[in-house]
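Listed below, chain by chain, are the residues.
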Amino acid sequence: MRVIAFALALMSPPAFAQNAAQQELERGRALWDQRLSTSAIAALERATQDPATRAAALEALGRVYTFKGWQQDNIFPGWHDEPAYRERALTTLRAAIAADPSRASAQEALRTAESFAAADHVDPAPPRAEVAALDAKIDSLRSNAGAPIAEIVSAIDARFAAQADPAPYFTGAQILIDRGEYDRAIALAERGRAASDRFIDENSAAYQMPGKLQGSYSRGRATAADLIGWALFNKKDLAGAQARLEEAERLTQGQDFANQYHLGEVARAANAPDRARTHYLDALTLTAGPPPLRARATEALRALQSGNSGAGSQPFDAWLEAEVARRREARHVAALRSLVDRPLPRLPLTALDGRPFDTRSVQGKVLLLNFFASW
Amino acid sequence: MPHLKAAYAKYQNDPKVAFLLVSVDEDPKRLQRYVGEMKFPFAVARLPIEEAERTMNFDNLPATFYVDTSGIVRYQIGGFESHGDSPARIAWFIEELKTTRR
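Chains as they are written, first to last, in my numbering: chain F, 1026 to 1400; chain W, -7 to 94.
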């Protein structure tokens, strides 16, 4: 500590501050490239305090706000534009130009934001070219069965360094499971889980509603838990696999096809045919799931049923169809939720032209009332 | 949204059934464009999002409520359910409310 204090005393205070501001500016830009919004904005705001970096930092902030205001719809699952940032984007970019009137890049950024403000519709931003190229590299390694594991891992690390969403870790874990590298797959899935939580923390305002935010955390954690459970199953650790796969099941509320299929495989290996049958049926009751996996679940179930002496009379296909229909019906009924069985509250609706909406036209009828947003 | 339009085709001439969409959009320009593109055959109204969340007690969108003829909410669906947003499922709820009373 004394050594640092001594070094600081030797530096002239403005030079030290300038150097620190420059570092904050660069750090803020790098964090934004990774789409770690909250940290990026905090670093850039600090860099605006120093006159030497003020114009550049304001421009960078204005670009972040422009993106958040107009360009982030669905670029990650559950993300929406944040209209509250639109006016701030224009104000911040104007402040950047006021701080340095000769700054051409800020003028260009302001023209872009102004054109967005005037437009009826702004397309979401495409992925950065660097990120798209790194994703393509991972894809090519995935389809190349002879690709060295070290090369796959370094491609995943490079992609994560470029943008901090968890997708490369989850993709990587799946590739390594396919190659029989279970321990490394588990390590990648663990990192994916941490990355998912951090990425959502950093961008929580983009989700607009608590349910979407919570759903995103759950999805990331469920993906990690399912991958880890499936890797453990492949390592013949049935108890460990079961625990992780059940965690994923709770997080997805039993609504993920691959997870239900994996649970079925574990139960079958553990000689629990009834439990296996339930999971295969739960999987097939969902309409999602890639066709090859659906076919495998169907065949596993067929094998279980042929060994079931009580099932004898009915042909398998007819039995399966009836079971799936019955289960879907049960799920419809389970859709009962909080306002159920209570009178519809009075809603002060307005029509699109701003006048009060007359609800008499829907009274006394069976009403489908759907709340939505175009974002 | 296309599912709602498809489901509505079955009920557009049914005097016992109504569809009402309520937008919680903050940006009226964007909503106008969206409504123009979607060409909904049923009514669309607006409600501020805080008001909607507070009165209807939902935290995800879309939020769909099925209300019976006496004004009681009978089913509530939050978000896009992974296997549910089909015209057949929408019709299932409406038929339930048309045929049952308590």
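Hint data in this document are derived by calculation from the structure and do not stem from the laboratory. Errors might be hidden in some of the hints.
[Said to hold, decoys possible] Derived DSS-like pairs (lysine-lysine); straight-line CA-CA distance at most 30 Å:
1) W:K31 - F:K1237
2) W:K90 - W:K2
3) W:K21 - W:K(-3)
4) W:K(-3) - F:K1237
5) W:K(-3) - W:K8
6) F:K1237 - W:K21
7) F:K1162 - F:K1260
8) W:K21 - W:K8
9) W:K(-3) - W:K90
Worksheet item: Would the pair K(-3) (chain W) and K90 (chain W) pass a check requiring their Cα atoms to be no farther apart than 30 Å?
Response: It holds: about 19 Å lies between the C-alpha atoms, which stays within 30 Å.
Worksheet item: Between K(-3) (chain W) and K8 (chain W), is the straight-line Cα distance small enough, at 30 Å or below?
Response: holds, 17 Å
Worksheet item: Would the pair K90 (chain W) and K2 (chain W) pass a check requiring their Cα atoms to be no farther apart than 30 Å?
Response: Distance of about 14 Å is within 30 Å: holds.
Discussion item. Check whether the Cα positions of K31 (chain W) and K1237 (chain F) lie no farther apart than 30 Å.
Written reply: Holds, at about 27 Å.
Worksheet item: Is the straight-line distance between the alpha-carbon of K1237 (chain F) and that of K21 (chain W) 30 Å or less?
Response: Since the Cα atoms of K1237 (chain F) and K21 (chain W) sit roughly 24 Å apart, the hinted pair holds (cutoff 30 Å).
Worksheet item: Do the alpha carbons of K21 (chain W) and K(-3) (chain W) lie within 30 Å of each other, as the hint requires?
Response: holds, 22 Å
Item to complete: Could you grab the alpha-carbon distance between K(-3) (chain W) and K1237 (chain F) and see if it respects the 30 Å cut-off?
Response: The given pair, whose Cα atoms are some 24 Å apart, holds under the 30 Å limit.
Discussion item. So if I understand the rule, the pair passes when the alpha-carbon distance is 30 Å or less; does K21 (chain W) with K8 (chain W) pass?
Written reply: violated, 33 Å
Discussion item. Would the hint linking K1162 (chain F) and K1260 (chain F) be met if the CA-CA limit is 30 Å?
Written reply: With a Cα-Cα distance of about 28 Å, the restraint between K1162 (chain F) and K1260 (chain F) holds, given a limit of 30 Å.
Checked against the numbered hints given earlier, the structure breaks only hint 8 and satisfies all the rest.
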